[in-house]
Structure formats: structure tokens, C-alpha cells
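Number of protein chains: 2
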Amino acid sequence: MIRVLLVHDECLVRSVLADWLRREADLGVFHAPWRGASGRVRSVRPDVCAADLECADTYGIPPLGELGARVPGVPPPRLLVLASANRPGLLKGAVEAGALGYVDKEGAPERLVEGIRLVAEGKRFVDDSLGFGFLRAAEMPLTRRELSVLVLAAEGASVAEIAGSLHLSNGTVRNYMAAITRKTGARNRIDAIRISQGEGWL
Amino acid sequence: MIRVLLVHDECLVRSVLADWLRREADLGVFHAPWRGASGRVRSVRPDVCAADLECADTYGIPPLGELGARVPGVPPPRLLVLASANRPGLLKGAVEAGALGYVDKEGAPERLVEGIRLVAEGKRFVDDSLGFGFLRAAEMPLTRRELSVLVLAAEGASVAEIAGSLHLSNGTVRNYMAAITRKTGARNRIDAIRISQGEGWL
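These protein sequence lines are chains A and B, in that order.
Under this note's numbering, think of the first position of the first sequence as 1, with each following residue one higher.
Under this note's numbering, think of the first position of the second sequence as 203, with each following residue one higher.
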């Protein structure tokens, strides 16, 4: 029996997906929203977390790290993500969190079942159709420092506020913003935020 | 038999939802992504369109109007939407498109089946849990003109470009942006865009 915790923020969707997965005799299926998922990992002790990369509470990358919450004496669950090729930033986040499985939400649902079984054995599972997304994830143009500037700008912080938070001068923040605008091919700061959110960098 | 066209941009989710709905003997279920949905309305001629308000191609309101595409001699389908209370702008768009049914994605999936049956009879169906969302939709603070300015700003257009598109002076555009920032309780232009996208106004 493979214990699966399905993480998705829409109750309607995750209930129906869980019901559908329960038709497989070898799967024991539980489900939770992102908020509260780490608690459910500790109580359910799943073999596999199958997590949707969209998270209602944040633009961008959900708290994937929390799914690996360690319980003494119990191996952490293996991670499989439900992803889209057009949000490379989210794919990059999943790679960094050590996900073994990558199921394309544009594909057939049977792929999710295959993916769960392989990942439960500790094997990698990657939908080919996500290939272009991984390529774009590898080409992510911004440095970590530039990203932290842009995250604050996207939250509505002024240049002075960003400078204060990151212990930089106003001029340095302006230089970062100019570099970000150039590297993302944007017309201006607002356009750079729009492009970066669309790609899932933020 | 009620003919239902399920519109959702994730193939994996809409296939499983359609499968789940097909267990009801009185429902004939078809499905499509937003792109191409209007063509499917013409070929399937559904009694009810059950459409997710999230659309992969746009921030904000999906092209609900296209689902009402008229075929001579055939009544247009009735519209039911899958919605969240925390995106009042999307609820407002659905009301304006004449939707009869409003199913909360935070609720149990059985509500979707109930909703489809009532809407097919031409009756209204509204999940109580969406109430606060409708209240906020009614309190939408921006005028139509302010919204059109903000939509262009969110796309990365400069003040001069917005002025050119809307046949306004630069000063008038700046006045609109100041009013928008004040009315949304934002700290600045970027913050006003962030708040408005979060609410689903854009």
C-alpha cells in the first residue's frame, strides 16, 4: 500500500482527485490544502506527497520545504509535483526542494498514477512535455540578490524601503532595478514584475 | 439528459472532474480548455457551461461572454461558475456575464452536481460561502475609466503610452493613477496593481 498525501488548495478539486486515485487498490489517499499540509505530513506519514504547485496564499513558489518535515525514525515523504511548462520559476523551486516526480497538468490523469508508483519506489518521473519549462528554468536570468529586490518591489515597497530592508543604498537598489528591467526584457519596473510573475520567478 | 460543457484550463483536473460527473446518470459531460471553449459550445450545444473562473492566459476575468455564443435556433447555454470568495473581481465578472450558478471551490464537489441540475432548469444556485465575496464585489472602488488606466499600467505601459491609448493628457493619467492608489489603499502604483490583481479586479 502506498500512502499518498494530495496537496491542493481547492477543496472541490482535491476531493475529486483523491476519490479518483482511490480507485487504485494499491493507493491509500489523504488530502489537504497547503495551509496545514506540514501538520498532515506528520499525522498521515505519507510515502508520497503529490503537491499542486499553485498555492492560493502566495504568488509563486509554495512552501515545498514544509512537506519534507522530519519525524524522528520516519523517512520524509517523497515529493511529486503537479506542474505547468509555462511557469518555469515554480519548476525551479520544485527541483531545489528535491522533488522526484514532475507531472504535467496539461497531460492525462493516468500519468499521475504512474508517477506516484515510480516516485514511491524512489525513482524519478518526469513528463516529457515539461522539458521546455525545465530549459527556461535553467536560463533564469536574475541573481538571488536581484530576485530579493524584485520580490520587495512587487509587494509595493518603495526604493527607500527596499534599501532599508536589504541594507543597501538607494542608488544600489536603483541599479539593481535597472539590471532587472534590462535582463527580463521589460519596458519598466512594472513590466519586469509582470513578466517575472508570469514565469513564476516571484 | 443534461448536456454539460466543463471549462477548465488544466487537462488533468478537467478530465478527472468530467469522469466524476459522468457517474451521474442524468449528465452528459464534455470538456474543454478556455482556449477553444466557444467552438466547443457551438459543436456540443450544452444546456449548461460549468466554467472555472481561473484562466491560464490572463490575469483576471476569463472570456465568459464567449460561452454565450449564439447558434441560430438554439438557446444559449446557461452559465455556472466555479469561484472563490477571495477573488471578488472574478465574481463581479460572472454576475455581469449573467451566470445563474456560483459554486464555491472551497466546498464539497456534490454541490457542483446540485448546481448543474438547478441551473439546467433555469434556476439560480449560489453557495452561501461566497457571500462575502459578493459583498466585496459590490464595493469595488474603481470606476470603469480608472480600471482601464490600471489595466494598461499593469501591462507595463508608461504614463505617455496610457495617455496615447486612451486619448488623455499625461496629467490626467497621473491624476487617475493617484486616485486609484488612494482608493485601493495602496502605497504606490505597483502596490495598487498588486492589490487589484489579488482581488481579481484586473
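What the hints contain is simulated information worked out from the structure, not anything from laboratory work.
Any given hint might turn out to be false.
Stated by the list, open to error - Listed next, the stretches of chain B that the computed footprint assigns to chain A, with coverage defined by at least 3 CB atoms under 8 Å from CB atoms of chain A:
hint, segment
1, 211–225
2, 309–315
3, 349–359
4, 381–391
Positions of the beta carbon are idealized from the N, C-alpha and C atoms, including for glycine.
To see whether the hints hold, each was checked on the structure:
1. 211–225: holds (count 9)
2. 309–315: The restraint on the segment 309–315 of chain B holds, since 5 of its residues have a Cβ under 8 Å from chain A and three suffice.
3. 349–359: Coverage by chain A holds for the segment 349–359 of chain B (5 residues, Cβ < 8 Å).
4. 381–391: Per the Cβ count (4), the hint holds.
In this structure, none of the earlier numbered hints is contradicted; all agree with it.
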